[in-house]
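Kindly produce the complete structure, drawing on both the sequences and the hints.
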Amino acid sequence: GESVGLHLPTLSVQEGDNSIINCAYSNSASDYFIWYKQESGKGPQFIIDIRSNMDKRQGQRVTVLLNKTVKHLSLQIAATQPGDSAVYFCAENLSSTLTFGKGTMLLVSP
Amino acid sequence: GAVVSQHPSWVICKSGTSVKIECRSLDFQATTMFWYRQFPKQSLMLMATSNEGSKATYEQGVEKDKFLINHASLTLSTLTVTSAHPEDSSFYICSASRSRGGTDTQYFGPGTRLTVL
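Residue numbers (our numbering), protein chains in the order written: chain A, 1 to 110; chain B, 111 to 227.
If you're looking for bench data, these hints aren't it; they were derived computationally from the structure. Incorrect hints may appear among the rest.
Distance condition first, Cα-Cα at most 20 Å in a straight line; then the derived DMTMM-like pairs of lysine to aspartate or glutamate [said to hold, decoys possible]: (1) B:K151 - A:E39; (2) B:K124 - B:D198; (3) A:K42 - B:E132; (4) A:K42 - B:D198.
So the derived list for chain A, only partly shown, Cβ under 7 Å to chain B, looks like this [as the list claims (entries may be wrong)]: (5) L8; (6) K42; (7) G43; (8) P44; (9) F100; (10) K102; (11) G103.
Just so it is clear, the structure is predicted and the values come from calculations on it, not from any experiment. The beta carbon of each residue, even a glycine, is placed where N, CA and C say it ideally should be.
Right, here's the structure in full:
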């Protein structure tokens, strides 16, 4: 697995591209998953969620895919914009406790 | 709706002093509030969970005597960092949930940056 360290995985894309951010979660009993966006110096902002009885959910410009077989979650952002630049965290919910993933920094170039 | 505020947004204090951070749910009643800590370029780590009117439940490795949590009303929780030291410098974030135990969505505050000199 990844080391926590001081370096976040980074995804660099051009404006207008589609972005895919991946997350591996740890507990197969987790029943609810959320993607958050965090801009520098701010708290996490809810993007989209999905329950474990679903494998796909779409929002406005965002789609979350859940693969329970391999404990994998992905966030797809369509037509990425500079304002999407931030750190993205997945979180899994188990027994009302959220456990956050390590985060991915998305950098969008104009 | 579902706005959570924190105060102060940043604080600088001397080593050995205590600092209180407030977390308020502005437009809903928060039966459960959570406190997280985040170091630079790292993820959020849950420190404790507090239900209104009950003692907080602390995560393993978090000193309850150092991080005092009070959740005396349905709209306010406070985190007091006692005898702060430079290693306590971090970004502290609260979240609030309408349901007891936090089974409902958690709404996050904007965070408080604590710097201990």
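Results of checking the hints against the structure:
1. Between the alpha carbons of B:K151 and A:E39 the distance comes to roughly 12 Å, so the proposed pair stays at or under 20 Å and holds.
2. With a C-alpha separation of about 11 Å, the suggested pairing of B:K124 with B:D198 holds against the 20 Å cut-off.
3. For the hint linking A:K42 to B:E132, the alpha-carbon distance of about 16 Å falls within 20 Å, and the restraint holds.
4. About 19 Å separates the Cα atoms of A:K42 and B:D198, which keeps this hinted pair within 20 Å; it holds.
5. Using the Cβ-Cβ criterion of 7 Å, the hint placing A:L8 at the interface with chain B is satisfied: the shortest such distance is roughly 5 Å.
6. Residue-level restraint check for A:K42 holds (minimum Cβ-Cβ distance to chain B is 6 Å; threshold 7 Å).
7. Here the hint on A:G43 is kept, as its CB sits about 4 Å from the closest CB of chain B, short of 7 Å.
8. At about 5 Å, the closest approach between the beta carbon of A:P44 and any beta carbon in chain B falls short of 7 Å, and the interface hint on this residue holds.
9. Because the closest C-beta pair between A:F100 and chain B is about 4 Å apart, less than 7 Å, the hint holds.
10. Because the closest C-beta pair between A:K102 and chain B is about 5 Å apart, less than 7 Å, the hint holds.
11. For A:G103, the interface hint holds, since its Cβ comes within 7 Å of a Cβ in chain B; the closest pair sits about 5 Å apart.
Hint violations for this structure: none, all hints satisfied.
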